[in-house]
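Starting from the known structure of chain A, arrange chain B on it as the hints suggest.
Below are the chains, spelled out letter by letter.
Number of protein chains: 2
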Amino acid sequence: MSVVDLSKQVALGIDIGGTNTKFGLVNHRGQILAKGSIPTDQYNTPEEFIDALYKEIQPLIDEHGVEKMIEGIGVGAPNANYYRGTIEQAPNLPWKGVIQFADLMTEKFGQPCKMTNDANAAALGEMMYGAARGMKDFIMITLGTGVGSGIVSGGNLIYGHDGFAGELGHTIVKPGGRKHWSTGSEGSLEAYASATGIAITAKKMRAEFPDSMLNQFPEEAINSKTVHECALKEDPVAIEVFRYTGQKLGEALANFVMFSSPEAILLFGGVIKAGDFILKPAKLHMERNLLPIFRNKVRLVFSELDEADAAILGASALVWEK
Amino acid sequence: MSVVDLSKQVALGIDIGGTNTKFGLVNHRGQILAKGSIPTDQYNTPEEFIDALYKEIQPLIDEHGVEKMIEGIGVGAPNANYYRGTIEQAPNLPWKGVIQFADLMTEKFGQPCKMTNDANAAALGEMMYGAARGMKDFIMITLGTGVGSGIVSGGNLIYGHDGFAGELGHTIVKPGGRKHWSTGSEGSLEAYASATGIAITAKKMRAEFPDSMLNQFPEEAINSKTVHECALKEDPVAIEVFRYTGQKLGEALANFVMFSSPEAILLFGGVIKAGDFILKPAKLHMERNLLPIFRNKVRLVFSELDEADAAILGASALVWEK
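Read top to bottom, the protein sequences are chains A and B. As numbered in our numbering, the first sequence has no gaps in its residue numbers, which increase by one up to the final residue, 322. As numbered in our numbering, the second sequence has no gaps in its residue numbers, which increase by one up to the final residue, 322.
For reference, chain A alone in the conformation it holds in the complex (with noise of 0.2 angstroms):
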């Protein structure tokens, strides 16, 4: 009987975004050996953007001398399906309709394949090498151009019967709200959390209060950087775009809150570089529509883990998960 040293063992962690593919050789600890990345929209066909992908990889994997020790696949995309492997109506990326992604990796690097959206992915990442190391129920948020969600409950993910649970950005914070630039429905936390929706917040404002900092910049300027500039200098107005948007993000966490009862809450991406301009007003928000058995019990945690090497870690958690 051999002993395997686990150290050796890695997994190949891939991130599928809208403009550009991350990719790593991952070992147990959350180590990443080897990462490179391809953009992702220069391939008409999956079958292209695979064998592109297989192209860079495999030298990699050469070079590292791991081959045999490769544990399997683990692919973070958009609208990606748990259950079944696939990438389905993914409207950011080029390919449409429904692709059985897991099984052309399979065929093409001969290893298992798993896969989950990539918000699902960042949250297995935290609860296996980030901020939620040892929790069994958390929500993760991720807070970049949209607003994704993983909810983990008793240890495991939320998949829901079909795979695609945990669209906290999509639900409805306020009825007959903002209209969303996208999907058409009207208030939803990504109308108003997402990076897009602070730049919508900051340019109504702005229009409002002709002497903030904020009409220092020109109109495609204006996003949640330049906000937290001006924010950071004390502009009122840029504040209060945070503010607001705490508020709403708040609201909508307490309503997470009382459905799942987690004990702490992750916040990632992009926009929590505004840190407590966002972070105070939304624990408030949050705290004051809980009932009072869920007062004061839940954290509200921003990711421990590299923004750049976070998806990567995910996608590779999936194939460390039991």
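Rather than coming from a laboratory, the hints here were simulated on the basis of the structure. One or more of the hints may lead you astray.
[Said to hold, decoys possible] Quick look at which bits of chain A chain B covers, simulated, 3 or more residues with Cβ under 8 angstroms:
1. 172 to 183
2. 256 to 266
[Stated by the list, open to error] Computed list of lysine-lysine pairs in PhoX-like fashion (alpha-carbon distance at most 20 angstroms, straight line):
3. A:Lys-174 <-> B:Lys-174
4. B:Lys-179 <-> A:Lys-174
5. B:Lys-8 <-> B:Lys-35
Beta carbons are placed, not taken as given, at the ideal position from N, Cα and C, and that holds for glycine.
Chain B alone, transformed into the frame defined by chain A:
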């Protein structure tokens, strides 16, 4: 080795309500072999209450000659905690603070005792004996004096880190909306979709429309039953009361679906007697608030269990649960 006849094993199911407590001996098939009830509110201490329960239940056990076959006790109660076997700060029960109820029961009855809140018990009952048989992902919504919920994901009830998950009645469906008579929160689902909420809506609307049939009743007779009577007689105001209620319920359900992606939502409780008057608008507003990926997938179903027995069945299901 002796063969155990499963049909002879029974569970003691107990449902503690604010006014009455119902109990029954239930077999694996969900047949209630014997049942009874005692008032809840006439005992100053939980010990006195449990003594009274014992005096009522022991003769039933003796009579049915199943003492040695009792598998355990399952209790559904407001604010019951599954992990700790406690009833905590229940506003509608006579005993205050944190009560170690399961331990007290085991001491008296000599049987293991498991507890959960009443809505979770109802969900278990539906999963074991009712409309949710064979389902692994569904949400149970109880529409009674209040609005309760039990959420099943991947075949397991969601309890959350502290055992209090699933308070969907207290999620906010209209920020800044109707103030809740007891919690003080503004715009919760319970404030609109409970029997209490429906009565409030009906009183407001009949005041606006002097010609409505609803004005033929004295103030204290306005409830979901009288509104239903008027709706059946095609009173447009009564119909609008249910339509509005259904809209708020549907908007809330859409958010729940995007959380856990259930295959069905089960509705239970006195309010569902309004039938299509509520169900149709609920379905409509649920669908229109869903992302396309979730549309026309989730069944909205009424409970199949007899309301009088469902709570006992649900509590007993706790015993059979793995």
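Looking back at the hints listed earlier, which ones does the structure fail to meet? none
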